[in-house]
Every structure is written in C-alpha cells, then in structure tokens.
Amino acid sequence: YVADAEGLLRAFDLPNAPNGDLTLKWRRKLPGSLRAPLAVAHGFAYAVDGKGDAFALQTQDGSLVWKTALDGGGAVAPLVADAGAVTAVAFAGDERLVVFDAAASALSGSAVPLWSWRAAAPILDQAADLAGAQLLVLD
24 YVADAEGLLR AFDLPNAPNG DLTLKWRRKL PGSLRAPLAV AHGFAYAVDG KGDAFALQTQ
84 DGSLVWKTAL DGGGAVAPLV ADAGAVTAVA FAGDERLVVF DAAASALSGS AVPLWSWRAA
144 APILDQAADL AGAQLLVLD
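Going by the working numbering, the letters in the sequence shown line up with residues 24 to 162, in that order.
For the record, the hints were derived by calculation from the structure and aren't laboratory data. Keep in mind it's a predicted model, so treat the numbers as computed, not measured. Each hint should be verified, as a subset may be incorrect.
Within a straight-line C-alpha distance of at most 30 Å, the following computed DSS-like cross-link-like pairs (lysine-lysine) qualify [what the hints assert, rightly or not]:
(1) K74 / K52
(2) K90 / K48
(3) K74 / K90
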C-alpha cells in the first residue's frame, strides 16, 4: 500500500512475474492531503488527512468503510492494536487522541469511539504495549 501527500492511495499485488512488475490492484483519492503513514491490519487500511478526517478502507478493493472528523489535523500515523477482545485503532489529531473500536466500526459503517483524551501540547507520536495493556503518547 502506498499513499502520497496528495491523498492518493494505491494497493499493489506482490510481483509474481519473473521481471518483478507490480500490478495495481486499486487506487482511491481521499479528499485531503495525507501527512502521516497508513496503518494496515485485519483487512482494513487506516488513514488520516491534513484536514483532520480519519478513514477506514477495505484493503480488498479500496472501498470506504467509514470516515469521521477528528479534532484537528492528523500528523501522526494511525495505530492499530489488538487488546483482548477489542481491536482498537487510534488517531491523534493535534492535541486530541481518539480510539475507535475497529470491529464495531467496520460492522456499523461508522466510527465507534471507545474513548478520547486531550493532551496539553500537540501529539507527536503514539505506541502500544499490548502485553502491558498500555498506550504511550508523546506530546
């Protein structure tokens, strides 16, 4: 999966030809420019654009599963973490971190929030420690 700053996402099939050519599987243009890498897990690609919209796309065909507005633009890559019975996807937008239930969101076709948190400064990065059930945020 490849995303560019203009908001164009592309999925390629792995090369199976002797010359190693990639075959374009699908492409989708998001409305805003992307400022962070994609996260891909469990059949979904997650993206956040510079306007502060978060997206979930089907990796099979690039179809939009859901879109939601975050509070501020996203400059941090989405994070997907399996935490017991819940697969969570976290998006950081400026000073706000929002975590969604990935499975419930996919089933309903709209983002289902689990919780959110507001930092005192812009969020620079996030990481998950699943063994310790911790989400680390650098602000």
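Hints and how they fare:
1. K74 / K52: holds (14 Å)
2. K90 / K48: holds (22 Å)
3. K74 / K90: holds (12 Å)
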